[in-house]
Amino acid sequence: MKFNNIERHKQLFILALPMILSNITAPLLGLVDTAVIGHLEYSYYLGGSAVGAMIITAVTWLCGFLRMSTTGLSAQAFGQNNNSLSCLILLRGIMVAFAIGLLVILLQNFYLDLALSLAGGSEQVQFYAQEYSAIRIWGLPAALANLVILGWLLGNHQAKVVMWLIIATNLINLGLDLLFVIGFAWQVKGVAMATLIAEYSGLFIGLAFVYKNFKQKFIGLFTSVQQMFAAALERTALLSYFKLNRDILIRTLCLEICFIFMTFQGARLGDDVIAANAILMNFLLLISFGLDGIANAAEVMVGKAKGEKNQKIMFVSVNIALFWTGIFALAYSLLFYLAGDFFIVSISDISAVVDYAQRYLFWIVALPLLACWCYLYDGVYVGLMQAHIMRNSMIIATFGCFFPVWWLLKDYGNHGLWAAFSIFMLARGVTLAWHYQRNKHTF
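Quick note on this note's numbering: the sequence shown kicks off at -13 and runs consecutively.
Simulated from the structure, these hints should not be mistaken for laboratory data.
Built from N, CA and C at the ideal position, the CB exists for glycine as well.
Don't take each hint at face value.
Derived lysine-lysine pairs resembling DSS-like cross-links, with alpha carbons at most 25 Å apart [stated by the list, open to error]:
1) Lys229 to Lys146
2) Lys(-4) to Lys426
3) Lys175 to Lys229
4) Lys298 to Lys229
5) Lys201 to Lys(-4)
6) Lys(-4) to Lys146
7) Lys146 to Lys203
8) Lys298 to Lys(-4)
9) Lys426 to Lys229
10) Lys198 to Lys295
11) Lys298 to Lys203
12) Lys426 to Lys298
What follows is a list of derived Cβ distance ranges for each label pair [said to hold, decoys possible]:
13) Lys201 to Ile0: 44 to 54 Å
14) Gly386 to Asn67: 35 to 45 Å
15) Ala352 to Leu193: 34 to 44 Å
16) Glu(-7) to Asp99: 48 to 58 Å
17) Arg424 to Phe389: 18 to 28 Å
18) Gly169 to Gly386: 45 to 55 Å
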């Protein structure tokens, strides 16, 4: 990769750096959450919060299509300079987000009972997982609407704003974590309550920013609120929106199945195993959110180029993003190789959990190099709005790689689980890269 287009490299980092900084705050906050709980006396506090968080995060990750589709669609609308379409994308996404969040709240008894029964784990893990998830579930409308707002701002080249919104939300969460868990001794309940309040705080801040800074952009597009909502709910446009999101939903569901399986299978291997895997999963989040900064920039650049119908710029953008993805992956692997043991000891002082996590650290060292390509190409295909390709790739990786490999290696316990997950992540990148190279001139 030659530096033959300095302006494009600069454009990538103008978009990517704010996203990298803001994305990294999420796993860092997860590390703080884990560290706060990890220094309590028993491992089942950490195990229970990990299972409870997975139960709630399963819904937000499953609804990741709200962020992805909003970013891709708004980036293409930005390239077309279509303000009315941009407004409808935002409004439609928020309406769908609230509808999904409220539906899950209405069905919470059924959902939580089913999820906990599937999770397994000791009686103590079950108790604290239920306590955590019963609080966090009330934040789903805000959490899902935040996905839409952040995706829309990113698609409109407001990466710095996205960064400050995420940082502000996470700082609120962090402050309340320390107050509720250490100050009030609320244990697992305190972590859940802190996140709930932070999610609604983030929603109010985001809506206030959009209203203050973009209201002039939308003035005059609709003669009444009734007309605006009628346009957002127009049958043909809504069906097209759901068709696009259906494929992203299937893709995300497969990803969710693998993450949930990792957590639930770990719970069946014992409290120390699930606690150790919870620590290692925070490293994985640190990897993914960092690499997602480059992928987010690729989404916006590719989406804008697609809206402008400029294939040359699209190719250059993808190549530059590929180069920097490889650089960041190498840096992550080196960081975890040199400092991984230190991070683990900093998170928990339960000797059995620390020892177990250190034995599996080499999987985390290898993961950035194996997985970085899937993050980047996900971003490319979000920008292209080729959701069916992402769907097919994920189905192959999940049912053709993850579960067969786990079945073959299940006698190796947690090593078999991490091996299956590593091959799953690699397969996602390989299939998307293969499709892009074969079809890039047709986009």
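Cross-check of the supplied hints:
{"no.": "1", "hint": "Lys229 to Lys146", "in the structure": "violated, 31 Å"}
{"no.": "2", "hint": "Lys(-4) to Lys426", "in the structure": "holds, 24 Å"}
{"no.": "3", "hint": "Lys175 to Lys229", "in the structure": "violated, 38 Å"}
{"no.": "4", "hint": "Lys298 to Lys229", "in the structure": "violated, 29 Å"}
{"no.": "5", "hint": "Lys201 to Lys(-4)", "in the structure": "violated, 29 Å"}
{"no.": "6", "hint": "Lys(-4) to Lys146", "in the structure": "holds, 15 Å"}
{"no.": "7", "hint": "Lys146 to Lys203", "in the structure": "holds, 19 Å"}
{"no.": "8", "hint": "Lys298 to Lys(-4)", "in the structure": "holds, 17 Å"}
{"no.": "9", "hint": "Lys426 to Lys229", "in the structure": "holds, 23 Å"}
{"no.": "10", "hint": "Lys198 to Lys295", "in the structure": "violated, 32 Å"}
{"no.": "11", "hint": "Lys298 to Lys203", "in the structure": "violated, 30 Å"}
{"no.": "12", "hint": "Lys426 to Lys298", "in the structure": "holds, 11 Å"}
{"no.": "13", "hint": "Lys201 to Ile0: 44 to 54 Å", "in the structure": "violated, 25 Å"}
{"no.": "14", "hint": "Gly386 to Asn67: 35 to 45 Å", "in the structure": "holds, 42 Å"}
{"no.": "15", "hint": "Ala352 to Leu193: 34 to 44 Å", "in the structure": "holds, 42 Å"}
{"no.": "16", "hint": "Glu(-7) to Asp99: 48 to 58 Å", "in the structure": "holds, 55 Å"}
{"no.": "17", "hint": "Arg424 to Phe389: 18 to 28 Å", "in the structure": "holds, 27 Å"}
{"no.": "18", "hint": "Gly169 to Gly386: 45 to 55 Å", "in the structure": "holds, 49 Å"}
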